[in-house]
Amino acid sequence: MKIYLKIWRQKNAEAKGSMVEYTLEGVESDMSFLEMLDVLNEELISKGEEPVEFDHDCREGICGTCSLMINGRPHGPDSRITVCQLHMRSFNDGDSIVIEPWRAKAFPVIKDLIVDRTAFDRIQQAGGYISVNTSGRPVDANAIPIEKDAADASFNAATCIGCGACVAACKNASAMLFTSAKVSQFALLPQGQVEAADRVLNMVRQMDLEGFGNCTNTGACEIECPKGISLENIARMNREYLAASVKG
Amino acid sequence: MSGLIKSSLARKVVMALSGLFLVIFLVLHVSINLASVISPDFFNEASHFMGYNPIVQYAMQPILIIGVIVHFVMGFVLEAQNRAARGISYVKYQGSANAPWVSRNMIYSGLVILAFLGLHFYDFWVHEMAYKYIEVNPEDPTRYYAETVEKFAPFWRTIIYVISFGLLGLHLWHGFQSSFQSMGVNNKFTPAIKTFTKVFAVVVPLAFAFIALYHHLNPITH
Ligand code: HEM
Ligand code: SF4
Ligand code: FES
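Protein chains in written order, with the working numbering: chain L, 1 to 248; chain A, 1 to 222.
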């Protein structure tokens, strides 16, 4: 296949970036999208040009690192996958593909397609944990009975890989889906109750401080999330937040 | 509590509560308007009551005006913050791939409604205030029906009203069900809320539009 690429190039955080066009021949339909970029980079390196920087790590859909806006959609045209799970068979010979970094004020570009997502780390650090006293005699994990529905919902929320596609997709660059997943995974479990009120207040405060936008319930995040994190988590976070504010 | 005022979640709740308040007001409004088609006498009575009852005039009317102002000012604040939150915009952004048009354009449907409210206030409220407090006319419980029908004589006004009701429908189509999510309600009732929203967002604006067209097509002939 022959592919026409338009890629955001930006030297560093301060530089002004721009779209640069590349034509890539010999793309195989069973290549992954990242392999296609690897091929492009080989070509650029052999020509003595700077390769395109993009984030990737596990290349199997679990780390959440790969973060590309492809033809106007986070992680490209297919649903429930990350970029590393996207294959060139989803495109046709002669297609033009626009590749941009996640766009959010809270996710500044570091270089080319790589953005700084430490805002998510700070939200997580603000309350996305439980305090457990450890000792030489650990209590059996199953000693606290947990309702199946709650355990499942908590586990589903915990599948969030922190990729940031929700922010990238949202017209408001809102981080509500991510934050609500991280609140919900604990809010649903007895272990999470001790810090429940502080957790939701602090995580939401941090989310706002980072400069993410306000949710307007468009649902774009849920559609684009590679893990299918549900909007129900956002409603749960809203409830938890209101309850905690009224109490506190 | 202090953090609540500044928080994005609280702003959304203000948006949702003021929006729902306006929805309830719409129900009242459309009911009285329907009377103008069914029974001019009842319409006159109801309008006179609304125009001269002190609770309506000095409590409900100010609350309504504040509700509208809170709603659209908060809407503008949120919109400005949301635009800023993107920073640099995408070269290519396929908003339609993952979110319905109505949900992405609340600010535009809202702006049309706001412009309409300007005209609507000029048409009825300014006229009422002038009649009652500037010209200091006596109470006349029979004037409302004829005044209303006359308002819809010009085609341009009728058509502006009808178009605005269309945009109101779009605004409600997203907004009504969205306000429940904003307040944390997403449970077994959500499918019913979404269905009700669709019915409401079609029926209420259609009823308003029907009334405007009805009066346009049925002028009072002396
Ligand atoms: C005065 C002009 C108006 C403007 C500028 C405006 C603007 C907005 C905006 C920007 C939103 C937020 C979008 C979102 O949350 O998805 C919104 C939400 C909403 N609006 Fe309006 N609006 C106006 C009038 C109205 C009227 C007259 C009604 C109802 C009769 C209404 C009902 C709602 C509802 C129910 C919501 C949903 C709240 C939520 O999602 O939390 N709006 N409006
Ligand atoms: S909620 Fe989904 S889209 Fe958002 S960070 Fe988590 S996995 Fe990624
Ligand atoms: S590289 Fe780990 S999810 Fe794509």
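Any given hint could turn out to be false.
Unchecked claim - Straight-line C-alpha distance at most 30 Å; calculated DSS-like pairs for lysine-lysine:
(1) L:Lys105 <-> A:Lys188
(2) L:Lys148 <-> A:Lys188
(3) A:Lys6 <-> L:Lys148
(4) L:Lys171 <-> A:Lys6
(5) A:Lys188 <-> L:Lys16
(6) A:Lys188 <-> L:Lys11
(7) L:Lys111 <-> L:Lys6
(8) L:Lys2 <-> A:Lys92
(9) L:Lys105 <-> L:Lys16
(10) L:Lys16 <-> L:Lys111
If you are wondering where the hints come from, they were derived from the structure by calculation, not from laboratory data. All values derive from a computational prediction rather than experimental measurement.
Do the hints match the structure? See the list:
1. L:Lys105 <-> A:Lys188: violated (36 Å)
2. L:Lys148 <-> A:Lys188: holds (18 Å)
3. A:Lys6 <-> L:Lys148: At roughly 37 Å apart (the allowed maximum being 30 Å), Lys148 (chain L) and Lys6 (chain A) break the hint.
4. L:Lys171 <-> A:Lys6: holds (21 Å)
5. A:Lys188 <-> L:Lys16: violated (49 Å)
6. A:Lys188 <-> L:Lys11: violated (50 Å)
7. L:Lys111 <-> L:Lys6: holds (16 Å)
8. L:Lys2 <-> A:Lys92: holds (21 Å)
9. L:Lys105 <-> L:Lys16: Since the Cα atoms of Lys105 (chain L) and Lys16 (chain L) sit roughly 15 Å apart, the hinted pair holds (cutoff 30 Å).
10. L:Lys16 <-> L:Lys111: holds (10 Å)
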